[in-house]
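J.: Here the structure of chain A is known, so what remains is to put chain B in place on it, guided by the hints.
2 protein chains.
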Amino acid sequence: MKFDVTILGSSSATPIFNRNPTSQLLNVNEKYFLIDCGEGTQNQLLRFGIKAPRIDHIFISHLHGDHYLGLVGLLSSLHLNGRIKPLYLYGPPQLQEIIDIQFKYSQTQLRYSLIFSAIRSDISTKIYENYDVIVETIPLDHRIECTGFKFSEKKRLPKIIKEKVQKLEIPVDQIPLIKKGAPFIDKKGVVYLSKDLTTEADHPKVYAYCSDTICSWNYLSAIQNVDLLYHEATFMNDMLDRAAETFHTTSLQAGEIALKANVRKLIIGHFSARYRELEPLLEECKTMFPNSFLATEGQKFEV
Amino acid sequence: MKFDVTILGSSSATPIFNRNPTSQLLNVNEKYFLIDCGEGTQNQLLRFGIKAPRIDHIFISHLHGDHYLGLVGLLSSLHLNGRIKPLYLYGPPQLQEIIDIQFKYSQTQLRYSLIFSAIRSDISTKIYENYDVIVETIPLDHRIECTGFKFSEKKRLPKIIKEKVQKLEIPVDQIPLIKKGAPFIDKKGVVYLSKDLTTEADHPKVYAYCSDTICSWNYLSAIQNVDLLYHEATFMNDMLDRAAETFHTTSLQAGEIALKANVRKLIIGHFSARYRELEPLLEECKTMFPNSFLATEGQKFEV
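Residue numbers (my numbering), protein chains in the order written: chain A, 1167 to 1469; chain B, 1167 to 1469.
The set of hints was computed from the structure by calculation and includes no laboratory data.
Note that the structure is predicted; figures quoted are calculated from it, not measured.
The reader is advised that the hints may include incorrect statements.
[Claimed, not checked] In silico SDA-like links for lysine to any residue, alpha-carbon gap of 25 Å or less:
1. A:LYS1270 - B:LEU1255
2. B:LYS1320 - B:GLU1196
3. A:LYS1320 - A:SER1387
4. B:LYS1292 - B:ASN1384
5. A:LYS1251 - B:ARG1440
6. B:LYS1270 - A:GLU1311
7. A:LYS1354 - A:ILE1327
8. B:LYS1251 - A:ILE1182
9. B:LYS1270 - A:PHE1269
10. B:LYS1217 - B:LYS1466
11. B:LYS1270 - A:PHE1282
12. A:LYS1251 - B:THR1412
13. B:LYS1270 - A:ARG1408
14. B:LYS1217 - A:ARG1442
15. B:LYS1270 - A:SER1287
[What the hints assert, rightly or not] Pairwise CB distance ranges (calculated):
16. B:GLU1411 - A:GLU1263: 27 to 33 Å
17. B:ARG1220 - A:GLU1263: 29 to 35 Å
18. B:ALA1284 - A:GLU1443: 43 to 49 Å
Quick reminder that beta carbons are idealized off the backbone N, C-alpha and C, glycines included.
Bound-form chain A, shown alone:
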């Protein structure tokens, strides 16, 4: 099953040439989820050839501009380009008001239903679920209310062993039942148990998105053992005071969090515009957690 994330923006609040504010496109089994939507996100989608109309769910972590100022433009373009299928939006309660007022004054009547779910930032809740994935919030600790998001692949049914299908001439219509635990009885009346005809499905994978937050152990349990963690790393550790003051994390701290949470792989992003070169942030992070990568525009990571 496809489960990957494409970085659309990696910068923090002030602009820097060639980096965009935060946004990511998650592809879960060909369903598109947009996480945050900084200014210019719709152009980034175009740039990387990602079809915006395929996005059905948008998650906004908090109401600092670098995480949502591209939203009204994107919603408006989807409308102008003829969207009629519903779009589901998850974000802080005040987001509704911000959108409503702008569509009111531009006299925009969306052709599609925009279904908004206000999310709480104080406790973790499940906000979405489909056949493939569960989405839960991760309460973070920022200057304003802010949540991360955890996308957990559901445990799949076991896989049928193809050789057994051929050898025992198992009819195709029996396979889903066997996967669900039913035994198979062949023409001679021999009974084969489901567990002998199947192998365990792949380990269900988890992606956690944490931006923006001060380094804290409060959300450590929520991200424990995830396969891929995106964590903000706005500053290097020589600016630890500035990071604390602005409720951000340093690249060293991001590595430490990944280590403590025992994640498999770490992406860092949300880089301050003061850093033209990002390698030093990565190097610092790797001293704590070697399996770390930089969020760079257009790059795709498998979960």
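T.: Chain B alone, transformed into the frame defined by chain A:
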């Protein structure tokens, strides 16, 4: 005196790769005026090496997203980058509410004064004046309230004739008075009239910005004889019905307006995303008004 306009964005509402929504930077004698501020404008400023902190006045024509969605990001970045000098903003009355609500929820307290002037869209009014330039609104005819802007260079004092200064040994401190009309009396008591010691200043130039509007003769008098006219040309003339329906202008109509208004030079812009190639729009426009040019990102036009 410097008087030029740099195109920061030339596209209309829906995004297209390599074009940005509407914004222009006007330089009048080294004072920077920003006209409209579509999504991504702050990045365009960076891209073309224009120092955003030098902008002291921003004019917003109307509240369709492609003309203002970059504003909150720009205001916020100026704040984060330490601006303390006041910024003057002119736009529809509702713009104040749109900005306030977003700064309220992001808990942003601007370090600088943002001085907002609500502009009327029903009559032309003078909204700004300094030593060099007068700015007036141009009521346009769009789906929502919309104004263009006219920047008129002020008539300068006459220029002193250098040869006369030398020949008559006119003291430096007398020159400003002579320019203002005072006579000069030399040591022998001979009187020289101001008009004989000076030549007329250059013709004061005018730039008019008209976007978005249906083609109409209502604002023709306001743009009569301007040196440089920017006019929207969202569609080609084979989409005249669509233009009328959406209160936009075709490239042929833009040329006709320029011709009727007897302007010196025309720039067309605000191109629909359906046009990947823009030359056909220019060719169509030129059949009416040959001295026409395409608004293209980064291009600078002298007024």
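J.: Against each hint, give a clear statement of whether it holds in the structure.
T.: Outcome of the hint check:
Restraint check: the Cα-Cα separation between LYS1270 (chain A) and LEU1255 (chain B) comes to about 21 Å, which is no more than 25 Å; the hinted pair holds. For the given pair, LYS1320 (chain B) sits about 15 Å from GLU1196 (chain B) by alpha-carbon distance, which is consistent with the 25 Å threshold. Our distance criterion of 25 Å between C-alpha atoms is met by LYS1320 (chain A) and SER1387 (chain A), whose separation comes to about 19 Å. About 18 Å separates the Cα atoms of LYS1292 (chain B) and ASN1384 (chain B), which keeps this hinted pair within 25 Å; it holds.
At most 25 Å may separate the alpha-carbon atoms for a hinted pair to count; LYS1251 (chain A) and ARG1440 (chain B) meet this at roughly 22 Å. Straight-line distance between C-alpha atoms of LYS1270 (chain B) and GLU1311 (chain A) comes to about 13 Å, which keeps the hinted pair within the 25 Å bound. Between the alpha carbons of LYS1354 (chain A) and ILE1327 (chain A) the distance comes to roughly 21 Å, so the proposed pair stays at or under 25 Å and holds. The suggested pairing of LYS1251 (chain B) with ILE1182 (chain A) holds, with an alpha-carbon distance near 22 Å, which does not exceed 25 Å.
Distance hint between LYS1270 (chain B) and PHE1269 (chain A) is fulfilled; the C-alpha atoms sit about 18 Å from each other, no more than 25 Å. The straight-line distance between the Cα atoms of LYS1217 (chain B) and LYS1466 (chain B) is roughly 15 Å, inside the 25 Å bound, and the hint therefore holds. With a C-alpha separation of about 20 Å, the suggested pairing of LYS1270 (chain B) with PHE1282 (chain A) holds against the 25 Å cut-off. Between LYS1251 (chain A) and THR1412 (chain B) the CA atoms are separated by roughly 23 Å; this keeps the pair inside 25 Å, and the hint holds.
For the suggested pair LYS1270 (chain B) and ARG1408 (chain A), the alpha carbons sit about 23 Å apart, so the restraint of at most 25 Å is met. About 18 Å separates the Cα atoms of LYS1217 (chain B) and ARG1442 (chain A), which keeps this hinted pair within 25 Å; it holds. For the given pair, LYS1270 (chain B) sits about 18 Å from SER1287 (chain A) by alpha-carbon distance, which is consistent with the 25 Å threshold. Range check, GLU1411 (chain B) to GLU1263 (chain A): Cβ separation about 31 Å, and the 27 to 33 Å hint holds.
Restraint check, ARG1220 (chain B) to GLU1263 (chain A): a C-beta distance of roughly 34 Å satisfies the suggested window 29 to 35 Å. The hint said 43 to 49 Å for the Cβ distance between ALA1284 (chain B) and GLU1443 (chain A), and at roughly 45 Å that hint holds.
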